[in-house]
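Protein chains in written order, with my numbering: chain A, 5 to 157; chain B, 5 to 157.
Think of the hints as simulated: they come from the structure by calculation, not from any bench.
Don't take every hint at face value.
Said to hold, decoys possible - FRET-style restraints, in silico, Cβ to Cβ: (1) B:153 / A:87: 14 to 22 Å; (2) A:15 / B:10: 32 to 40 Å; (3) A:24 / B:20: 42 to 50 Å.
Cβ atoms here follow ideal geometry from the backbone N, Cα and C, with glycine treated the same way.
There are 2 protein chains.
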Amino acid sequence: MSDTPYPFSKRGSTEEVEEGRAFAPKFDADGLVTCVATDARSGEVLMVAHMNAEALQKTIASGEAWYFSRSRRTLWRKGETSGHVQRVVEMRIDCDQDAVWIRVEQQGPGACHTGRRSCFYRAVPVGTTGAVTLEFRDGEKTFDPKSVYRDKS
Amino acid sequence: MSDTPYPFSKRGSTEEVEEGRAFAPKFDADGLVTCVATDARSGEVLMVAHMNAEALQKTIASGEAWYFSRSRRTLWRKGETSGHVQRVVEMRIDCDQDAVWIRVEQQGPGACHTGRRSCFYRAVPVGTTGAVTLEFRDGEKTFDPKSVYRDKS
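Excised from the complex, chain A in its bound form (with noise of 0.2 Å):
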């Protein structure tokens, strides 16, 4: 699809992975790395998803976020189907690159499928025993799934 040469160089040591400026990204065993991407106003977390080295790319390449979706198999431009792109403002990387965080403008009215703002609608209780029931948090909808999504899968 792309002709480009990923621009990753290769993993050195622990001191050059951790200190250095060689982007050095560390895939898994499937081949990808954690994305988290947060509202670049707000900084709360919109979502978690992964890239592989193409969505990286493409991702770094374009200014806009690329992912690949471990369910499907297939790369995904965020904001395909929904117009719900995530212009990315600053993209950082972690110690031993195995994560990437990027900061983005999100355009429409909300990243997560189920039609909110963000997938993290609901809160899990802590410094608790026993059976845990969730809380609905900023879970209002906004905006209706079934007529973002249809007729464009």
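Here the structure of chain A is known, so what remains is to put chain B in place on it, guided by the hints.
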């Protein structure tokens, strides 16, 4: 180690998992969920790590972050060696319940084993093609990892 039964429900239908109050985390083939820890005050992403069922249970019961180290294959209480404990202010779970977001009060000078506040101290320039060179951001060390982790492993 723990006789407490896990406080997890069986996974039901997609509708139940996404719209219900039952806590039914989806552990991957390695028995893990992804966890993002952000600073409860600044919103900054401090780290991305993993939790197995026991780490998740212990985090919920204690209100302090426990993780599972993929490289060491061990349960790990954050701050056990360094004292840099993470007190969980709020835990959220995402739509399909395979990722957890914890907002934490980070004790001590930082979360990263390299001696920094956050693991995400380097930026990847976006909107570019060709070679990528990382740029340090907020990369000042806030503690000396050699002294913090010395003689404690």
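Going through the hints against the structure:
Taking the beta carbon of each, residue 153 of chain B and residue 87 of chain A are about 48 Å apart, not inside 14 to 22 Å as hinted. For residue 15 of chain A paired with residue 10 of chain B, a C-beta distance near 36 Å keeps the hint of 32 to 40 Å intact. The hinted window of 42 to 50 Å between residue 24 of chain A and residue 20 of chain B holds, with their beta carbons roughly 46 Å apart.
In this structure, only the earlier hint numbered 1 is contradicted, and the remaining ones agree with it.
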